[in-house]
Every structure is written in C-alpha cells, then in structure tokens.
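Novice: Based on the provided sequences and hints, a complete structural model is requested.
Number of protein chains: 2
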Amino acid sequence: MRSLNFSAGPAQLPLPVLEQLRDELLDWRGTGASVAELSHRGKPFMALAEEIEADARRLLAVPDSHAILFLSGGATTQQALIPMNLCAAGETADYLVTGHWSKVAIKQASAVCAVHTVASAEDDGFLRLPEKSQWTHTKGAAYFHVTGNETIHGVELFNLPEATQAPLVVDLSSNIASRPTDFSKIGLAYAGAQKNLGPSGITLTIVSRELLAREGMQRPDIFKFASHAAQGSMLNTPPTLNWYILGLCIRWMLGEGGTAAFEARNLAKSSLLYATIDQSAGFYTNSVAADCRSRMNIPFVLHDAALDAVFLEESERAGMIGLKGHKALGGMRASLYNAIALKDIEALCAFMRDFQMRHG
Amino acid sequence: MRSLNFSAGPAQLPLPVLEQLRDELLDWRGTGASVAELSHRGKPFMALAEEIEADARRLLAVPDSHAILFLSGGATTQQALIPMNLCAAGETADYLVTGHWSKVAIKQASAVCAVHTVASAEDDGFLRLPEKSQWTHTKGAAYFHVTGNETIHGVELFNLPEATQAPLVVDLSSNIASRPTDFSKIGLAYAGAQKNLGPSGITLTIVSRELLAREGMQRPDIFKFASHAAQGSMLNTPPTLNWYILGLCIRWMLGEGGTAAFEARNLAKSSLLYATIDQSAGFYTNSVAADCRSRMNIPFVLHDAALDAVFLEESERAGMIGLKGHKALGGMRASLYNAIALKDIEALCAFMRDFQMRHG
Chain A
1 MRSLNFSAGP AQLPLPVLEQ LRDELLDWRG TGASVAELSH RGKPFMALAE EIEADARRLL
61 AVPDSHAILF LSGGATTQQA LIPMNLCAAG ETADYLVTGH WSKVAIKQAS AVCAVHTVAS
121 AEDDGFLRLP EKSQWTHTKG AAYFHVTGNE TIHGVELFNL PEATQAPLVV DLSSNIASRP
181 TDFSKIGLAY AGAQKNLGPS GITLTIVSRE LLAREGMQRP DIFKFASHAA QGSMLNTPPT
241 LNWYILGLCI RWMLGEGGTA AFEARNLAKS SLLYATIDQS AGFYTNSVAA DCRSRMNIPF
301 VLHDAALDAV FLEESERAGM IGLKGHKALG GMRASLYNAI ALKDIEALCA FMRDFQMRHG
Chain B
1 MRSLNFSAGP AQLPLPVLEQ LRDELLDWRG TGASVAELSH RGKPFMALAE EIEADARRLL
61 AVPDSHAILF LSGGATTQQA LIPMNLCAAG ETADYLVTGH WSKVAIKQAS AVCAVHTVAS
121 AEDDGFLRLP EKSQWTHTKG AAYFHVTGNE TIHGVELFNL PEATQAPLVV DLSSNIASRP
181 TDFSKIGLAY AGAQKNLGPS GITLTIVSRE LLAREGMQRP DIFKFASHAA QGSMLNTPPT
241 LNWYILGLCI RWMLGEGGTA AFEARNLAKS SLLYATIDQS AGFYTNSVAA DCRSRMNIPF
301 VLHDAALDAV FLEESERAGM IGLKGHKALG GMRASLYNAI ALKDIEALCA FMRDFQMRHG
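Listed in order, the protein sequences are those of chains A and B. Note that this note's numbering has the first sequence beginning at 1, numbered continuously upward. Note that this note's numbering has the second sequence beginning at 1, numbered continuously upward.
If you're looking for bench data, these hints aren't it; they were derived computationally from the structure. Among the hints, erroneous ones may be present.
No copy is singled out in the list; a pair is fine if it fits within one copy or between any two copies.
The calculated lysine to any residue pairs, modelled on SDA-like cross-linking and capped at a C-alpha distance of 25 Å, are [unchecked claim]:
| no. | residue 1 | residue 2 |
| --- | --- | --- |
| 1 | LYS139 | TRP28 |
| 2 | LYS107 | ARG41 |
| 3 | LYS107 | GLY232 |
| 4 | LYS107 | PRO167 |
| 5 | LYS107 | MET217 |
| 6 | LYS43 | LEU307 |
| 7 | LYS185 | LYS327 |
| 8 | LYS224 | LYS327 |
These figures come from a predicted structure and were not determined experimentally.
Specialist: Here you go:
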C-alpha cells in the first residue's frame, strides 16, 4: 500500500508518473531500452529534451527572454554558481535573509563575492518577514537574492520584491510551480526538482538572456550558465533519467490544469491544515505570521514535546510518513507539495484531531 | 523486445537491475514509497547509503585510507573541482594527454590553475600512448592526471604510471570496475556512473584522506570534497534514485563474481570484436596500437564511408543500437561495458561478418 508521504524532499511523486515510469522501464517508446540507457545525443532523447523544454515553458509561462537550463546537482550548487556567473570581481551581491536557506545561499556566495545582507528576520526567530522599511540595498549590487520559500521555517514570500536596479534572483526550490510566477520580473530563478517537480539530482535554472551575457568571474567552462544554454543543457552528459521523470511530472501538472489549478489546491490544502492547528486550542502550534505562512511546508509543535515520539509512531502506523520536523526546529513538519492531494491533508487533519482527543 | 545497446553512455543497464527497480517502484522495502520519494535523512535511505558504501568498497577493493564520495553531476564537474581542491594558488598540475577527454580535463582545470602537459599523443592521432621516455614532469606538481580510458579514441591505459612525487589522479569514467584496480597507488579517481555502474547523474570520487586534508583554493563549501566526506555525501540533497540504481548495479556485479570476473569477460568480449575487425581484410579497421586498445570502447571504420548509413540502418533493424561513432571520428563505435554479455558481442560480430559478405 502507498504511504501518505509528507517528506520535505525528496518528496512524494504523482502516482501516474511512477506508474508510467514503471511500465516503460524496460522499453521506452519502442527503443528496446530504458530511457536511462539511451545516449543523450541520440534522436529519441534529443526529441524528449525538446518536448520537456516546451512543456516547462508552457507550465511556468517562461517568456522567450529567458532560457531554461536543466542542470545536474541541487540548489546549493546553483548558490555557488550564481555569484560566479553574475558578479564581476569586486562586486557585491545583496541577500534578504528569511530563514535557514537564505543563510546557506550566503554561505556559498561569500566564498566568491562580497555579500551584503539587505535585512534579516533572524532576531524574530524567522517567524515573520523582515520589515520592508528597514531593508538597505547596495548601490550597484550585482543582483538581489531572495528565498521564495523557507522549507525549514515555513516562511513564504508571496509577493516578490519589485526589482531594484539589481536584477532579482530567486530560490524557488520549494515553491516552483506551486502557483503562477511572473518570470518577466525575475533575472534568475532556480529550483531543485525534488519537491514540486520530480526526483532529486536535477535543477531548473531559469535565467534571462541579458544575465546570461554577463562575463562573470574566471571559472571552468562547466560552471558557465551560458555554455550550458548554448548546448541545450547537454554541455556534458546530463542526468537523463531525472530529466525524464521531471518531464513526466510537468506533463502531469499540465494535464491537471497547470499552476493556477495547483495554486487553488495548495491554498485549500494549507488553509485546512493551518485551521486544524489554529483550532486545536494550543495542542498544536505554528507561530509564523499570517501573511507569510508557507503553503508548502508547515512546521508545527505539539504542546508537550514528550508526545512527539508517540505522534510519529502513531502517524506512521496510520500510513503517514515524513512528518518529523527538521532538527533545527524539532516538532513536526508537513510538506504539501503538488503531488499531495486535498484528501491526503484531510486524512492528516483527521488523524491530528483524533490524536488530540486521545492525548489532549 | 530489449535492444542490444552498444551506447557509449548513458549505456545498457543489467536487466536484473531494471527489473528490480521496476518491481520496487511503488513500494520500496515496505515504506509505501518509491526510493526516489524518501528523505535522504530518514533511516531507510541512510541505511541504504551505508550498504552501498560497503558494497562499493568491497567491489572495488578500496582501502580504508581512501574515502568514497557519491556526488551529483558528471566527470566534467569533477575535472573542475579537482584543481580547486588539490592545488593551492600558484601551483601547477601535470596532465598526460591520450585523447579527447584528457583535453577536456585540461580545459576545465586551466581556468583555475597552471597546467603542464607531460606528453601528448595528439600528433599520432591518439592511436598510441605518448612515448614514456619523452614525458616531462613538473617538479612539485600538485598532482599528475591521467585518463584511464579514452571513450572516443578507444585508448586504454592498462598500467597506471608509477606515482612520481605528485599523487596520481585518474579519470576512470569509462573503465571503473571493468577490472581490478589498485587504489592504494591512486590519490584520487573519479567516474561518472553511466558507463559501467549505473545511470547518469551520479559520480564516484575515490580520494585518499591525505589529499582530502589539502587546503586547496578559496571556494564555496559545496565544492569541497572534505565537506562532502564529512557528511557522508549528504552535504546537500543527493541524487537518491541514481545512488540507489548505482547500488543495485554494484550488488549485481558482486553477485556475478566481482571485478576479476568482469575482467575476464571484458577481455573475451573485446578480443572477439578486435579479431572480427582485424580478420575482415580491411573491410573494418581499428588503428589503435595493440598495447592500448580499449576493452571498453572500440571505434572502427568501414572501408567505404558510403556504407555507414546502411550499416547503422541494418544493425538497428537487427535490434542493435548505439553503434554510431562519435562525430569527432565518424564511423562506428561499440561500447562493451560490464552490462554487455559475451553473447551480445557474438551477435554483433555475426552481424558484422554477414554485413561484410553482403556488402564486401
């Protein structure tokens, strides 16, 4: 039996995607081989890559002004590559700090460029966004980096900042394709696939051709976004199986109505879970400010931490996995990515109410 | 029906591996989820990673003096990271040039360190190894890089050079696990999995702990081998599905008798194909010197290039794919990695003899 999987990533995949993958695993499209066994330079895979690019562009409404790169590795690698590609030597990059992942982005960047913190919500325990009146920008910053959704702290940036003179760079790892995004206002966005769009091991980087033309720093060719773009993301052997599964997920999302349909679902799912938490009379708590409560990752604590192990054990027995909170915060966390259905959240909330009745 | 797949990589996977992957795709080890859907920090995947590390260490006979890293991306990324990790600013790295991939390694490295070419076989069309008496080494070089097997030119280095004062760095991308290797003589070896060991998107880097302790250059944490080693290759979200399939391939190889058994098979397979080529009275030609003819990748040309398209069309009709040569050399290329059986090569040779009779 399939579990209800609330893992923060790698995360649940849509069942039709897994079934198609399974059914095609010995013979894909009549090639007599798994898609994982085919040359990326051969016609079947080249055609697939083109299809996926077109589907991704349609799903995400990416304008022609932007390239879509399909890169190996995860978001952390992108966090190292972004300053190498967008900063010239001596330039400064601006970062808004809204949680753990903003800090990881700064950690990677500060090895190669000067970093300025525009504002940080750390003193508030990352329970709210930094007060906008207190943001300070660097004049002439190479770019302005924000984290679209903080997976650990459960803080989401629903309104991207207006571009300053510096182009906006956005980590969309945990909320890409969860709702419509206006990419024309973004210089570069990146997202590991393993939350809303597929398995780990492949990352989407959506970058304006204007930024691609930047010289950046001296670096190996394999670290140049422009070289990957010029070769259709086949500068070297790409992660073909991951790319294929990503493509299946994108097509599944298109068939389900696209990002607008998923926004409605994700709003319904997260509203239901927040309501269950808020109406528990303090048995469950989520302290994030209402205007930035994430629709993707909902951390919550039980009123008595001694119940944590019981909650995890009982939920697992009820067929629910991946609810253990990140070690930085403890407690629980439910991740509600695109492959999670409203009925899965209904089941989780019913379990939570039942658990409260029995242990409250 | 399954094709006979002679692709240079991504390449054929063992059928039992694909079947197991297929059968476990909706529910792996009773978790109610695909292995691709599980958190890499959860117990089931952590246990799997430990099993694979132990299996890889056993299969490849890696001594305790060396760490095994499972990294995302391919060999080209390693070619950029190696000088960043092993060279201090201003140091020189030595490279032996035996074909296309040696040159790619130099291209990546020379963006970050000084590179010295120990010797090159380019003037000989890469048909033989550079004459050893003419090798020149840099005194105090940070390392000495060689390419274990040249996938495009079909040139294999069967005897690794004795270490000079500089530790040996070896690209084993296309011949790892094809025969026993003495890792105690190697400072660092790296190999994308997509030829002998699994799907693309994951790379094995086997590195001595002595080299791990080198300071290297200023670089982002995600580019530090030592950081990956300290975190058991889970510094960030790893490519879990690829890691799992790699593990299945390693276990399959252990069950088949390990690297010694595969050396015998690969010797038999390649000898048969070279004999078929050499006994074709010039209908088929491979011009690589006998002492470095690759057991993994065998490029050959037909005496009349006008027959190339016919050969490809007829072989494909006979259920054989991936025989088109690399564009740099034209002609044909058969890759004979571990998942290819002797009977597959017998079938290929029978086809080639038949083709010659009909078109000779």
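Novice: Evaluate each hint against the coordinates.
Specialist: Verification of the supplied hints:
In the homo-oligomer, the alpha carbons of LYS139 and TRP28 never lie at most 25 Å apart, since the shortest distance is 53 Å inside one protomer and 53 Å across protomers. For the identical chains of this complex, LYS107 and ARG41 are inter-copy neighbours only, at 21 Å across copies versus 36 Å inside a copy, given an alpha-carbon limit of 25 Å. In this assembly of identical chains, the alpha carbons of LYS107 and GLY232 lie at most 25 Å apart only when taken from different copies (20 Å versus 29 Å within one copy). Taking the shortest Cα distances, LYS107 and PRO167 sit within 25 Å of each other inside one copy (20 Å), while across copies they are farther apart (31 Å).
In this assembly of identical chains, LYS107 and MET217 lie within 25 Å of each other by CA distance both inside one copy and across copies; the values are 18 Å within and 16 Å between. When the C-alpha separation of LYS43 and LEU307 is checked against a cutoff of 25 Å, the pair qualifies only between copies, where the shortest distance is 20 Å, while the shortest distance within a copy is 56 Å. Taking CA atoms no more than 25 Å apart as the test, LYS185 paired with LYS327 passes in neither setting, with 35 Å inside one copy and 41 Å between copies. Taking identical chains as interchangeable, the C-alpha atoms of LYS224 and LYS327 lie at most 25 Å apart only when they sit on different chains, with a minimum of 24 Å there against 35 Å within one chain.
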